[in-house]
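Residue 41 in the numbering used here is what sits at position 41 of the sequence shown, and the numbering runs on without skipping anything.
It cannot be assumed that every hint is accurate.
Stated by the list, open to error - Cut-off 27 Å, straight-line C-alpha distance, at most; resulting in silico cross-link-like pairs (DSSO-like, lysine-lysine):
no. : residue 1 : residue 2
1   : K26       : K13
2   : K7        : K26
3   : K18       : K7
4   : K13       : K24
To be verified - Quick list of the computed label-pair ranges, beta carbon to beta carbon:
no. : residue 1 : residue 2 : range
5   : K7        : R28       : 43 to 51 Å
6   : S49       : A19       : 48 to 56 Å
7   : F36       : L14       : 34 to 42 Å
Derived from the structure by calculation, the hints contain no laboratory data. From a predicted model like this one, the values you see are computed outputs, not experimental measurements. By construction, the Cβ of each residue, glycine as well, lies at the ideal position given by its N, Cα and C atoms.
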Amino acid sequence: MASLTQKTEYRRKLRNAKAGKERKAKLRNQGTTPSFPIHTPEADANAPSQAKGGSADE
């Protein structure tokens, strides 16, 4: 049978390994960069004509 010290150290190790597990999984799956709008009306108004899709070679 394991001593009380061995049991305690094992429990601490297990608890530390599990700490933050959900947060870390969420960061792996979703990333850390917050979502932000890419094409806003302000950005489209300031874009050059080539970026707006009105180029002559289409």
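Against the structure, the hints come out as follows:
Distance restraint check for K26 and K13: the Cα-Cα separation of roughly 22 Å lies within the 27 Å cut-off, and the hinted pair is therefore satisfied. For the given pair, K7 sits about 30 Å from K26 by alpha-carbon distance, which is inconsistent with the 27 Å threshold. Among the hinted pairs, K18 with K7 is consistent with the structure: their alpha-carbon atoms are about 17 Å apart, no more than 27 Å. At most 27 Å may separate the alpha-carbon atoms for a hinted pair to count; K13 and K24 meet this at roughly 18 Å.
Distance hint check: the CB atoms of K7 and R28 are about 31 Å apart, inconsistent with the given range 43 to 51 Å. As the Cβ distance of S49 to A19 is approximately 54 Å, the hint placing it in 48 to 56 Å holds. Take F36 and L14: their Cβ atoms lie about 39 Å apart, and the range 34 to 42 Å holds.
Hint compliance for this structure: hints 2 and 5 are broken, all remaining hints hold.
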